[in-house]
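Enquirer: The lines below spell out each chain.
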Amino acid sequence: AQTVTQSQPEMSVQEAETVTLSCTYDTSESDYYLFWYKQPPSRQMILVIRQEAYKQQNATENRFSVNFQKAAKSFSLKISDSQLGDAAMYFCATLIPGTASKLTFGTGTRLQVTL
Amino acid sequence: EPEVTQTPSHQVTQMGQEVILRCVPISNHLYFYWYRQILGQKVEFLVSFYNNEISEKSEIFDDQFSVERPDGSNFTLKIRSTKLEDSAMYFCASIWGRRGYTFGSGTRLTVV
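Chains as they are written, first to last, in the working numbering: chain A, 1 to 115; chain B, 1 to 112.
These are calculated hints, taken from the structure and not from any lab test. Any given hint could turn out to be false.
The calculated DSSO-like cross-link candidates involving lysine-lysine, where the alpha carbons are at most 30 Å apart (straight line), are [stated by the list, open to error]: (1) B/K57 <-> A/K73; (2) A/K70 <-> A/K55; (3) A/K70 <-> B/K57; (4) B/K57 <-> B/K83.
Note that the structure is predicted; figures quoted are calculated from it, not measured.
Chain A on its own, in the form it takes in the complex (with noise of 0.2 Å):
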């Protein structure tokens, strides 16, 4: 079974800083990918950034970027100039491809940014 810790219930950052939320994961597959997930108030789940296990550079897209440590099985979301629409609970996933390819998420961190 997969598990996803989120061990950051809540954070908080002023605007245009730079904030790193943090997810440790554990499985015993070595195919599998990495997703940060965010949900705004509206509770829709947005994809903010996607890393596949074998590929040993970081994604990133725009001011979102990870930091995937394989071996520590760590996979941490950066966000750089930190904006008030960034607030929001992000959510880390992990995929195991196959016939259900479920994802399993993390309990979520709750970004706040300030002014």
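Keeping the supplied structure of chain A fixed, place chain B upon it in accordance with the hints.
Expert: Leaving out everything else, chain B in the frame of chain A:
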């Protein structure tokens, strides 16, 4: 950009009633899913559906739940006799290949 559409956005039902949540996945996607999120908790997998049958279901997905794709476009989740603890946000999602899920905007189910 293609979207997964869910209706209704909010459903209120009385305990013991049947409820059907509807989803229209992205047309060329092959795998369909239902997830549940109880308020303030993490998102949990309910069921996956591929080639017109369930490919995997979680412990949550008991005999009270069923899914079907009746007409090749809609994908429905039925709860036969709702309980208070079924109150949650229900997300439909679809996937093509390994690029990641596209989630619908969710249906908030309130059981009273």
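Enquirer: Taking the hints in turn, state whether each one holds.
Expert: These are the hints, each one checked on the structure:
| no. | hint | in the structure |
| --- | --- | --- |
| 1 | B/K57 <-> A/K73 | holds (26 Å) |
| 2 | A/K70 <-> A/K55 | holds (10 Å) |
| 3 | A/K70 <-> B/K57 | holds (28 Å) |
| 4 | B/K57 <-> B/K83 | holds (19 Å) |
The structure is consistent with each of the numbered hints, conforming to all of them.
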